[in-house]
Amino acid sequence: MSRYITRLRMRRSYKWNGKPIGEDRKLKRQYYESMSISVEGKTEDATVSLGQCILIEGDDDDNPFVAQLCKLYSDDSGKKKTAVVQWFVRMCEVPQNKRKLLGRDPHPQEIFFYQDHSCDNEVDGETILGAVQIEYVPAEDSFPEGKSKDILFVKLLWDTKSFRVLDPELMQPPQSPKSPPPPSRGPQTRALPTPEPSVMKRAMSGTLTRSSMSTDKLNSGEAESLHSASKLSAAKALSAKRRSRASSGPHVRKKLDLCSPTKNMSRDDVLGEILDEHTEKTLTSKLNLSPTGRISISIRLTPLNLNEEERVSPLSSHSPEKPKLTAHEKNDATSVFLGDDDPEPLVSTSRTPRKREATPRREGLRGLKARTPSRRKDSAALREPALAALAEEEHEDSPIQTAATPRSKRKSAQLVSSRIRKQLNVLGNKVDLLSDGEDDDDCFIPTKTDLQSSSDEEEEAKIDSEDELIVKKRRGSRTPRSIEKSRFSARTPRKTPIKKTAPATPRTPRTPRHATPSIPSRSAPARKPGNVLEEARTRLHVSSIPESLPCREQEFQDIYNFVESKVIDGTGGCMYISGVPGTGKTATVHEVIRSLQQSAEQDEIPHFHFIEINGMKMTDPHQAYVQILQKLTDQKATPDHAAALLEKRFGAPAPKKETTVLLVDELDLLWTRKQNVMYNLFDWPTRRNARLVVLTIANTMDLPERIMINRVASRLGLTRMSFQPYTFKQLQQIITSRLNRLKAFEEDALQLVSRKVAALSGDARRCLDICRRATEICEHSGSQKNGSGLVGMSHVMEALDEMFSSSYIAAIRCASVQEQLFLRAVIAEFRRLGLEEATFQQVFVQHQALCRVEGLQPVSVSEGLAVCQRLGSCRLLLLEGSRLDLFLRIRLNVSQDDVLYALKAD
Amino acid sequence: MSKRRSAALTEAQRVSLAQTLLRERLCHQKLPDRPVGLDSQYKHLLELLRRTAVHGESNSVLIVGPRGSGKTMLLGCVLRELMSLKEVQKNVLLVELNGLLQTDDKIALKEITRQLHLENVVGDKVFGSFAENLAFLLEALKKGDKSSSRPVLFVLDEFDLFAHHKNQTLLYNLLDVSQSAQTPVAVLGLTCRLDVLELLEKRVKSRFSHRQIHLFSSISFAQYVDVVRAQLSLPPDFPDPKFSEEWNHSVTKLCEEKSVEEILKRHFNASKDFRSLHSLLFLAVSRVSVSRSTLCEADLLEASRLISADSKANVLHGLSILELCLIIAMKHLNDTYDGEPFNFQMVHNEFKKFIQRKSHSIHKFEKPVVMKAFEHLLQLELVRPVDSGVCKVQREYQLMRLMLEHGQVMEALQRYPQCPTDVKQWALSAFG
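Protein chains in written order, with this note's numbering: chain C, 1 to 906; chain P, 1 to 432.
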């Protein structure tokens, strides 16, 4: 894909085409319809106009950003050109861990409609590279083959959480009444067979381009306030709620959803539920036959249903669709009326519209019905799909749309039902009769339904994505949801040959083989702990992740606040965390990230990307770039190239999708002579558009002062935190919380361990290891004498002795006679010389004298040297290079007192 | 007739069979059934590894003991028993590294990858750069989890040498895996350094579980003799029970003899480890032949003499009289100047004095001839220059040191065949 590079290298100049089409006095903006880009060395100019798809300069030369142009305006000076765009993402821009959600290999030219509220959709007009052709491919069709490489295909929508079917309508240029839809798209939509309801439903939940800002703000504001009130507890409560909701069956769940006073009534979710064949049938029967609980539902619904069924039934070709549609409608109605019945005061404003009387819905219905006859004629002839109808309709309505205000979002329910009705029109051709009788009043406000769609849909999208999260969490335990199923089944089986999809990953051309790193799995599963002591041992293992991190609440809160504020603000920053090993630095940061990710999943804070590198886990400081790049974009590059790419990514003003949180563990190992790795790591967050938060961890408190040159230390800033070694109380608490009321230790024993460790290092790992060893000792001794079964003082003492006592004395005691004599000779020679060093020759003389005193046969020089070397290999003696032979210099590695003590006791 | 011949053959066969069996045992080709005197350590290690293999619990342990104390043997026995457990078979991966072979992390990583048969291995070749290999291995280990992936036992022989690798990257990563919820691993380090923990960097040290199994043999002499007896005895399943009975009887008798006990005591005093004992017994066993089909006292005596012989005394036996004279001259110089270094000129002067005064049997050698003899000593490293770096000095005046002990020189003279008496006297005299 190097064809773009040449474009990049050339200078481009930008010019407005024609007169401004509108002006915003307040903002002092002038809107234009098109812009021409002239490239040096080329005669004809490229023109981009509203609605066209464009390429925008990004951080990757090979794959520039793709977007659809929505607005073009200049500021009052007329110099700065700004474009408002709707983004598309390539597969490579989708976070790596989410890519598998697609469920198939992406087409090399495939892109996705990007739907994210947090994404900045204003770009500098001068970053536009040129126009590109994007072709919409219906979800169930295969990618057309044999087309030019320059055409990109869009099939699905990516909302940062899942891939969904894209409504072609979204691809329409938003507010340009004059510009017709790109010709390539029209026929295709028309060629669409009767769309599946699921497709319709998906499509309905996805208009972001026209989303009114107010709701967005409102929601995020709400999330924030909720969040800051009590961060953790709120998050936990919410997740608990979700869990409980998720665990209940579909029916119960539906009720819960509808009745719960949460801000989002997940209508869409319910829709999905009802789409499920089984539930749907039971539900219809229930609603039709037995008015369970809520009488209002059944009463209002029945006529509708009956009507529909009557009318639709004659059409045999569409009969399979029928029940689904009725379900739609019903559900829709339910949600509306349930909203009415809900006695609870509303929590959020987004709920209010639903409280409205059902009339708006009916209005919408009527409006629709009123129009249908005219359309029915051609639809009867052409069997035109509803989607096309929708598209057309939108063009008619669009002028009014610009005037749309958030007000419209109240009539939430009508939209869905109206759409379905439209579809029914097409399918049944007779459904319009249904409303014929009642839609006399205001039949000429048809647009309203569409006006409302924007805000509603956005809301739905939210609900939907949230729901999908839940699904993700418990996928497998539950029966697969119909939405998922239909979404995947709707897709045509992959026809593109595999060899074509293989180059879909052009970013890793250098690796010849795609080896998957993995350790073979075992044939028999690991055995579970059998008794209390084994259980305790498992829990005390450093690797077991505790539910909470005791004794680091303050540090947790500080780091949490730091990262959270940066993520919410979309700014960058650095933090330096220090502390001796085993004080929970990395664990705390991971905990922070975990809970932040949790709240991000619940949409309380914007999404962010977490990357971790470890200075110890790389072979060279410059590998840091490679690792960051690979984790960020799954690209492989040489260190230099990676540095350049990252520099561009963090430095360029191109819009960023997410904040990146980078954890740099063992920072001191990233030290290089020029310190450029550290410099870059701390410099990127200061860039305006970087949105990078860097958390660094190292052992020494004064690392910045000691090893960093000024410009690096200054960029690191003063946000520092130091983890103090654990005190004995904290260590005790850590063990207790890990054991979690498992009675395996005597209280005194725990205290002894924690006091001992606290006095030595305050290393929690050490503490846990000693406890683990103590349980082993207890287990062994337990088989001999029948004690309390608990780990007692004696066991702990033994474990402590094993780990902390010096082995030198034991080694001397167990040494052979000649070795002991040699040590004595060393000490004697030291005394004689008054120095702490002697040559082997000198010691050997002493040794032979001692041998005679002890009545042993004197050893030869070779034997003496062998003895000396043995002691040296144990490091009881420190020896200098072995080639020196007789003049080998000898020093003791143990204190003379220790040696004498060990020898005396013998 | 055929009967007799077969009997004669079996005699020779018996001896060679017995020798083969004993040699195998003494040369460490066969693990003993049970390590001697290491029962508690054996149990501890076995239990630890069993937990890794069966429960998927990560562990790290160091086996520390002086050379020849049976670290590898202990581990071998433990692994043998571990692998014979049914639930462990085919459930454990073993990676063996040696600090003397894998001298840096790059080689070690390739070796690990190769032994684990990860997917970037083709045949015996490992692809990718050092950084890629590290990332690949870490990724692989990270993907595993406690209950489903096979535990990996990393055996690091000469553990202390790994601590000298740059940044201790390999140790950090292995120990980090052992302390996190990834693929279960057991890191087993074998070392003879008692201070090995001080070599570890503080982060690496914190990740190490601080379990150390010390192998200090505290056996008494009686046990030592028992071991000798056990090592020399033929097993009960020896094909010829009569021969083995005779052999075992002779071994028992041999061990009770005073002179043999003395030899063994001497060895026991020198070192308690079994490796040096094995080399002694090996020499003795090798002297057994068809004509003398039992092990006797003389065999052991000869073996002991060979083992404890001084290496330099042997070199001195091969010197010419002139060279020996030079050595004596150097010895006198050492005595006179209390070990201060000397040069060739001084040695030559001393030698000339001796020739002039009392030599009757030794010719007057020309200086170049003496120089040549001196250089031969230099080559044998019986003399060594003090400072090899300084080369500006003329050869005659380069400072040297004698690498021989007083006792060694005297002993060599005593044993030197046909050594002239005046040379001997000169050596014995207090001053040249």
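It is possible that part of the hints are untrue.
[To be verified] Covered stretches of chain C (chain P as the covering partner; in silico rule of three or more C-beta atoms under 8 Å from a C-beta of chain P):
{"#": "1", "segment": "612-620"}
{"#": "2", "segment": "699-706"}
{"#": "3", "segment": "807-819"}
{"#": "4", "segment": "863-876"}
[Stated by the list, open to error] Okay, the calculated beta carbon distance ranges per label pair:
{"#": "5", "chain 1": "C", "residue 1": "Met-793", "chain 2": "P", "residue 2": "Pro-236", "range": "35 to 41 Å"}
{"#": "6", "chain 1": "P", "residue 1": "Arg-23", "chain 2": "C", "residue 2": "Met-793", "range": "32 to 38 Å"}
{"#": "7", "chain 1": "C", "residue 1": "Ser-806", "chain 2": "P", "residue 2": "His-164", "range": "18 to 24 Å"}
{"#": "8", "chain 1": "C", "residue 1": "Asp-150", "chain 2": "P", "residue 2": "Leu-100", "range": "55 to 61 Å"}
{"#": "9", "chain 1": "C", "residue 1": "Arg-832", "chain 2": "P", "residue 2": "Glu-396", "range": "34 to 40 Å"}
{"#": "10", "chain 1": "P", "residue 1": "Glu-262", "chain 2": "C", "residue 2": "Glu-837", "range": "21 to 27 Å"}
{"#": "11", "chain 1": "C", "residue 1": "Glu-122", "chain 2": "P", "residue 2": "His-164", "range": "54 to 60 Å"}
{"#": "12", "chain 1": "C", "residue 1": "Glu-746", "chain 2": "P", "residue 2": "Leu-21", "range": "52 to 58 Å"}
{"#": "13", "chain 1": "C", "residue 1": "Val-853", "chain 2": "P", "residue 2": "Thr-10", "range": "36 to 42 Å"}
{"#": "14", "chain 1": "C", "residue 1": "Gln-598", "chain 2": "P", "residue 2": "Lys-143", "range": "22 to 28 Å"}
{"#": "15", "chain 1": "P", "residue 1": "Ile-321", "chain 2": "C", "residue 2": "Arg-831", "range": "50 to 56 Å"}
Treat the hints as calculated values from the structure; they're not laboratory data.
Idealized CB from N, CA, C, for every residue including glycine.
Evaluation of the provided hints:
Requiring three or more residues with a Cβ within less than 8 Å of a Cβ of chain P, the coverage given for the segment 612-620 of chain C holds, as 5 such residues are present. Note: the segment 699-706 of chain C has 1 residues with beta-carbon separation from chain P under 8 Å; the three-residue rule is not met and the coverage is violated. Against chain P, the segment 807-819 of chain C contributes 11 residues with a C-beta closer than 8 Å to a partner C-beta. That satisfies the three-residue criterion, and the hint holds. Coverage of the segment 863-876 of chain C by chain P holds in this model, with 8 residues showing a Cβ closer than 8 Å to a Cβ of that chain against a need of three.
As the Cβ distance of C:Met-793 to P:Pro-236 is approximately 48 Å, the hint placing it in 35 to 41 Å is violated. Between P:Arg-23 and C:Met-793 the beta carbon distance is about 52 Å. The supplied range of 32 to 38 Å is therefore violated. Checked against the given bound of 18 to 24 Å, the beta carbons of C:Ser-806 and P:His-164, roughly 22 Å apart, stay inside it. For the hinted restraint 55 to 61 Å between C:Asp-150 and P:Leu-100, the CB-CB distance of approximately 60 Å keeps it satisfied.
A beta carbon spacing of about 35 Å between C:Arg-832 and P:Glu-396 agrees with the range 34 to 40 Å that was offered as a hint. Hint check: P:Glu-262 to C:Glu-837, Cβ distance near 36 Å, so the stated range 21 to 27 Å is violated. For C:Glu-122 and P:His-164, the hinted distance range of 54 to 60 Å is satisfied, since their beta carbons lie about 57 Å from each other. Evaluation of the 52 to 58 Å hint for C:Glu-746 and P:Leu-21 yields a pass: the beta carbon distance comes to about 54 Å.
Between C:Val-853 and P:Thr-10 the Cβ separation comes to about 54 Å, which falls outside the hinted range of 36 to 42 Å. Judged by the Cβ atoms, the range 22 to 28 Å given for C:Gln-598 and P:Lys-143 holds: they are separated by roughly 23 Å. Under the hint 50 to 56 Å, the C-beta atoms of P:Ile-321 and C:Arg-831, about 42 Å apart, miss the expected range.
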